[in-house]
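Participant: What follows is the residue order along each chain.
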Amino acid sequence: MNYQPVIGLEVHCQLKTKSKLFCACSTEFGLPANSNICPVCTGQPGVLPVLNKKAVEYAIRTAIALNCKTAQQSIFARKNYFYPDLPKNYQISQYEMPLAEDGYLEILNAENAEISRIPRKKRIGIQRVHLEEDAGKLLHAVGSQELDYSLVDFNRTGIPLLEIVSAPEINSPEEAYFYLQTLKMNLQYLDVSDCDMEKGSLRCDGNVSVVAEPSNLELERKVAGSGKKLGVKTEIKNMNSFKALKEALSYEINRQIEVLESGGKIVQETRLWDADRGITQSMRSKEYAHDYRYFPEPDLVPLILSIDHDLREENFVAEIKKNLPELPAQRKERFIKEYQLSEYDAGVVTAEKKLADYYEDTVKKLQVTGFKLQIVAKTIANWITTELLGKLNAEKKAIIDSPIKPEDLAGLIKLIQEGTISGKIAKTVFEEMYNTGKKAEKIVQEKGLVQLTDEKEIAKIIEGVLRENETIVREYKAGKERALGALVGAVMKKTQGRANPQLVNKILEEKLRSC
Amino acid sequence: MGIYELSAKELGEKIKKKEISSEEVVNAFYKRIEEIEKKIHSFITLTKEEAIKQAKIVDEKIRKNEPVGELAGIPIAIKDNLCIQRIRTTCGSKILENYFAPYDATVIEKLRKADAIFVGKTNMDEFAMGSSTETSYFGLTRNPQNLEYIPGGSSGGSASAVAAKEIPFALGSDTGGSIRQPASCCGIVGLKPTYGRVSRYGLVAFASSLDQIGPLARDVYDCALLLKIISGYDEKDSTSINLPVPDFSQGLQGLKGLQGIKVGLPKEYFIEGIEPEVEKAVKEAAKVLAELGAEIIEISLPHTEYAVATYYLIAPSEASANLARYDGVRYGYRSTFNVQRSTLEEVYERTRGEGFGVEVKRRIMLGTYALSAGYYDAYYLKALKVRTLIKKDFDEAFKKVEVILTPTAPTPAFKLGEKLDDPLKMYLSDIFTISANLAGIPGISIPCGYTGGGIHLPIGLQILGKPFTEETVLKVAYAYEQTMNGKRITDNDK
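Protein sequences, first through last, are from chains S and F.
Quick note: the first sequence, position 304, residue 304 per my numbering, numbers continuous.
Quick note: the second sequence, position 57, residue 57 per my numbering, numbers continuous.
To be clear, the hints were calculated from the coordinates, so they are not data collected in a lab.
We put the CB at the ideal spot given by N, CA and C, even for glycine.
Keep in mind that the hints are not guaranteed to be accurate.
[Claimed, not checked] Below, in silico cross-link-like pairs of lysine-lysine (DSSO-like), each with a Cα-Cα straight-line distance of 27 Å or less:
#1 S/LYS354 with S/LYS286
#2 F/LYS236 with S/LYS16
#3 S/LYS54 with F/LYS236
#4 S/LYS322 with S/LYS364
#5 F/LYS236 with S/LYS18
#6 S/LYS364 with S/LYS414
#7 S/LYS354 with S/LYS16
#8 S/LYS372 with S/LYS397
#9 F/LYS236 with S/LYS53
#10 S/LYS414 with S/LYS354
#11 F/LYS267 with F/LYS236
#12 S/LYS442 with S/LYS397
[Stated by the list, open to error] Anything over 10 Å on all C-beta distances counts as not near chain S; from chain F, calculated:
#13 GLY2
#14 ALA207
#15 GLU235
#16 GLU318
#17 LEU344
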């Protein structure tokens, strides 16, 4: 039987506010253990939380970008469970009346794209977006030394976390991967989170089940429309990278199918992904599931987000909506229209906000020097997608770490466009720029790489080449047109590639005709 | 007359006029404490050294004619669930026996600014859970009016210290009557402000939606004086309300009669179970108010009978979460039982099992149960709905009257040990005070007589007001007190 996987993802991302969600402590990462703490975030007796307005703003900004309905009034709740990384032994989270509900994220289902070459858009529902506080970190070892006790670091305690819960509408590990990528891209464009999975500022849990697929696709669509029955699900935790996400989901889907095929039943439980062994393992079953005893947080008042009927009040949500930054999908569309980039190039260049910024900075720098947009836009995209990203990716560097800044790349392209250097030389100059950080102009001057455009001089060199390669000339005249390439090559070799290729071609052809 | 006999108002005036130094005053109160503390046991911690140091600083400021705060040099006692930096805050519990707060509560900051002198931390029911101060890990407190009787609770130490003149005034906290009921038991004045009037930052939480800090004093004026200092919006407490704070004590001066004031007597408060002497004293008080020009109107608060049940779902539910932090991980008591071989669960269970007393454990279990999956709707949620009804009762009543007059407690103080083994009986001590916490309204308890038959225990009169009308509540109380002065049987200061 065929099975369709049904996946819902629960994503947590740390918001990059300056201070924590309920106290004034800094959110800075990587400080010495327990140096970023106060009575509030260590849960001293008598302290009270005070909500960080910026965190709410970031959360609402995200919710709007995810097409959610924001609540007019939202409340916080206490989620009760004992654990040493949780100072109050309850987490201030949201349960009823979250900040926002019922949105969607559009992803490009690139799995299909590979087959049809046309990416298929798919909307993944977003069930809810809510704010909560992060917990601390437990250390069970110092370096490689295992401890027979545990240490706790409360620096992370109280950092604002945004929880984004998708609907169970993801149908493959690949789709889950693209969903998380797209979500990450949006969060970065919104400038609300660093989304660094390695640092734990982006985390993801998954709910996985499989359903036997009806053979008739039409039937399936009908059923989907009327609320298809889901199989028993398992919750997968500890997927700490994009790779882990794909592998863990694939493993779990196959495991569930195997269980069902062999006549077994799926047990509702929480399972941990073990990346070293490549398997998911049962952590706790439903009987041992926590009863979190949620109840409204009495130390915080209800959050009034928008008052539609009272014009005197500032409308918090409307204000955020008005100032919403451009999102990746919008930017890609704009790049296609404004710069006439291909869908592919626009996709690559806008995949990261900083990269798209880099691209547009370079465009602007060149426009200032008087170049027409249509001429340079595509050239810049080519240099970035092939040369620059090739280099950076090989060294696992981000665009902001590029030794070549937008104005430098603009300088290089300017030299090419003005005909000062040839495209071939430009690649050598680019290498040099990347390795030394020097400007293109300086490298060209220092190494005497200025393009040879003096026709008389080129003619003189060509005459020499023709004399030295009489055999090839004869072959050419005998009709072997490819022999021309060898002659061009010889000229370029003599000029160390500096000769203007168009002029070389033109003069060479003239000379060959006349001799 | 000894220094300790003077009211806070009188002490403040004398200190400012340099008739007496703060150091003399503080020493006089410590001498008084040394004399009678053995009998009464109002305090868990005394901070004499620090207090004398602070008094000297204030004296120096006054000597140099530098500006000083409104309570300059006046000693004050603080209930031991309010955090004072570097001073032990036990909440009357073994689990916080050696907890030293790393910060000042907002009310403490305000008192520091007013140049008040902190004399010590007063005894209380463990985590403010109780009505007799008998559940304190540090031993019981006796009622200065009669040593065989309880001082009330949970702010029993603050009430007894004020009544025994160990201190001119004190701070307490009131979740279901914990200021008003001990004030009633000890024959002093105690006020629970409107929820949100005083910042709770630094008050060790029992039930967050009900807790309020308030003053206990020997008379209404001192009560008003202290209320003004501690009131006001605090950005550290999101539930505090940003409203101007009236000069409560100033408002009392030159008060003439109660003409035009409508006073409600709720019929549901004069029912079976109330002691006849209490009912009589309160009805007499109503007559006094009527003589002062007030109009007495019978009103109804129909949901009164559900108040105790509602309270004993909401308060323990919140407490079950509020008290979860006492786990022995970061501070406070940690069980030493076989630590090396214990699991995490065992450390929690042992620590909390050994660190909390019986009543606290009972309420944590109650609350945990009420919030559990499958029970939440039937208990906690239902209680919230009834709470709204109780609030509506008051809203309706306050359309007809400015204040409501009730007994503070159905009985005067009871004997030590009398109700300790019967929690339900103990819970009924707060039957008349709980509603004010559920509705968030202000209430004061003032003495309105003594029981006869040779036992001679004070009876408390409760005056409840609309939210943020402490001024009105204080005025009615003050007018009554002024009228009764002289007529009142003097308390037996033994």
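Participant: Does each hint hold? Answer for all of them.
Facilitator: Hint by hint, here is what the structure shows:
no.: 1; hint: S/LYS354 with S/LYS286; verdict: 44 Å, violated
no.: 2; hint: F/LYS236 with S/LYS16; verdict: 22 Å, holds
no.: 3; hint: S/LYS54 with F/LYS236; verdict: 17 Å, holds
no.: 4; hint: S/LYS322 with S/LYS364; verdict: 26 Å, holds
no.: 5; hint: F/LYS236 with S/LYS18; verdict: 18 Å, holds
no.: 6; hint: S/LYS364 with S/LYS414; verdict: 12 Å, holds
no.: 7; hint: S/LYS354 with S/LYS16; verdict: 16 Å, holds
no.: 8; hint: S/LYS372 with S/LYS397; verdict: 31 Å, violated
no.: 9; hint: F/LYS236 with S/LYS53; verdict: 14 Å, holds
no.: 10; hint: S/LYS414 with S/LYS354; verdict: 23 Å, holds
no.: 11; hint: F/LYS267 with F/LYS236; verdict: 40 Å, violated
no.: 12; hint: S/LYS442 with S/LYS397; verdict: 25 Å, holds
no.: 13; hint: GLY2; verdict: 35 Å, holds
no.: 14; hint: ALA207; verdict: 8 Å, violated
no.: 15; hint: GLU235; verdict: 7 Å, violated
no.: 16; hint: GLU318; verdict: 6 Å, violated
no.: 17; hint: LEU344; verdict: 7 Å, violated
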